[in-house]
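Enquirer: The chain contents come next:
2 protein chains.
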Amino acid sequence: MEIEIGRDLFAHEAELAAANRRLFKEKGITALNLLAAPGAGKTSLIRKTVPLLKYSVAVIEGDPASSVDTDLLNSLGITAFQINTEGGCHLEASMVAKALESFQPKPGTLLIIENVGNLICTAAFPLGESIRMVMVGASEGDDKPFKYPDIFQGADAVILNKIDLKPYVDFDSERFRRGIRALGDQVPIFEVSCKTGEGLAELAEWLEQRVDQLWKEG
Amino acid sequence: MEIEIGRDLFAHEAELAAANRRLFKEKGITALNLLAAPGAGKTSLIRKTVPLLKYSVAVIEGDPASSVDTDLLNSLGITAFQINTEGGCHLEASMVAKALESFQPKPGTLLIIENVGNLICTAAFPLGESIRMVMVGASEGDDKPFKYPDIFQGADAVILNKIDLKPYVDFDSERFRRGIRALGDQVPIFEVSCKTGEGLAELAEWLEQRVDQLWKEG
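Residue numbers (this note's numbering), protein chains in the order written: chain A, 3 to 220; chain B, 3 to 220.
Don't take every hint at face value.
No copy is singled out in the list; a pair is fine if it fits within one copy or between any two copies.
List time: in silico BS3-like cross-link candidates among lysine-lysine, alpha-carbon distance up to 27 Å [stated by the list, open to error]:
| id | residue 1 | residue 2 |
| --- | --- | --- |
| 1 | Lys-168 | Lys-197 |
| 2 | Lys-197 | Lys-27 |
| 3 | Lys-29 | Lys-218 |
| 4 | Lys-108 | Lys-197 |
| 5 | Lys-168 | Lys-50 |
I should point out that these hints are in silico values taken from the structure, not numbers from a laboratory.
Construct all of the structure, not just a fragment, from the sequences and the given hints.
Expert: What follows is the structure, given as structure tokens:
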């Protein structure tokens with residue numbers, strides 16, 4: 003059985019993403035889509051980077067089940083809103099638009115959308131974001147760009163997290179970088195540890211410059 | 003937009019899985035579906051456990067792209083066949099049936115099917131396997147059973163890999179076990195390290211007993 007819905011579905015999603023882009027602009031929000039496998043450290047990155055940013059930040063958490071991450075962020079004073087996909091493998095633009103009906107970030111907010119932990123399906127569903135960051139943990143291995151190329155295409159930044167684990171895992175940074183460079187010649191690669199804080203200041207600085215630039219471009 | 007294909011699709015997949023089950027029986031093969039997130043150590047587990055098994059083993063590798071894992075296993079003398087899903091997020095029963103047209107494991111073989119790295123979509127597509135193992139790396143965090151409950155439902159064994167990293171990551175074994183126990187009361191949980199080899203003998207012993215039992219049951 004082949005289901006011939008691929009093209010229509012993606013065209014439809016692209017329209018919804020464009021609608022979100024207009025919605026974000028109306029609301030004065032800059033949206034960031036944070037993509038990674040389960041357990042790469044997406045919530046830890048948000049938790050450790052948000053205090054370094056000058057912007058007001060709000061977070062949308064996408065998970066198939068539970069509100070573990072939202073509860074944690076809210077307990078730390080970071081505004082977070084949970085989307086449960088009820089087993090679904092990715093966020094869709096319409097879910098984000100719906101969340102923004104009941105959750106009103108103030109103008110000037112950087113909206114960080116933590117997507118569902120998934121290196122495949124999330125790649126195919128744009129959310130209308132202006133910034134797309136893809137994160138890998140060093141403990142996941144240096145072969146991820148070769149096995150999951152689609153997710154790295156069009157990333158504005160690639161983050162290698164858990165570099166504190168490098169001495170304990172067989173991670174070849176050169177192989178990883180070679181894989182990323184083959185997919186995105188110019189994309190910046192940040193090596194960070196959400197545990198030790200290493201590299202987060204550089205990432206936060208890049209992110210602020212990127213958001214400032216987007217504001218200037220309107 | 004809602005696409006009302008869910009029920010039909012899953013019924014269709016269940017039929018294809020049942021057809022695979024008959025095919026495996028005809029060929030005298032026992033099939034194992036190995037499920038995990040990207041980078042959990044599926045290929046390392048196969049590489050380190052196969053030499054401990056008395057059975058002849060063949061491997062099907064499912065990946066969205068590349069033949070990295072198949073090349074590695076073949077170079078180690080483990081018979082492996084690559085299925086590239088071309089970006090697809092899970093293996094399907096029909097892909098396995100097709101692979102078995104060009105790849106003929108001898109009767110008595112344990113066929114290990116390494117599914118695509120994905121904790122969500124793979125859960126919904128049975129392959130006709132008799133044994134279903136779900137693996138998590140300690141570096142992925144102890145919250146996986148809470149966030150990705152579907153994949154753990156119906157597992158015959160849960161494997162916690164990378165226990166050598168426990169001293170360096172915040173992993174609460176009790177919380178992980180509590181999460182697994184809430185989903186599968188009796189499922190055995192094996193703590194292993196594919197790096198140090200710890201726990202692999204116990205896992206191999208359990209697996210042999212399970213395969214023996216399946217053979218007896220016919």
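Enquirer: It remains to establish, for every hint, whether it holds in the given structure.
Expert: Hints versus structure:
When the C-alpha separation of Lys-168 and Lys-197 is checked against a cutoff of 27 Å, the pair qualifies both within a copy, at 13 Å, and between copies, at 14 Å. Neither within a single protomer nor between protomers do Lys-197 and Lys-27 lie at most 27 Å apart by alpha-carbon distance, with minima of 34 Å and 49 Å respectively. Only within a single protomer do Lys-29 and Lys-218 lie at most 27 Å apart by alpha-carbon distance; the minimum there is 16 Å, versus 65 Å between protomers. In this assembly of identical chains, Lys-108 and Lys-197 lie within 27 Å of each other by CA distance neither inside one copy nor across copies; the values are 30 Å within and 48 Å between.
For the identical chains of this complex, Lys-168 and Lys-50 are neighbours both inside a copy (20 Å) and across copies (21 Å), given an alpha-carbon limit of 27 Å.
In this structure, the hints that do not hold are numbers 2, 4, in rising order.
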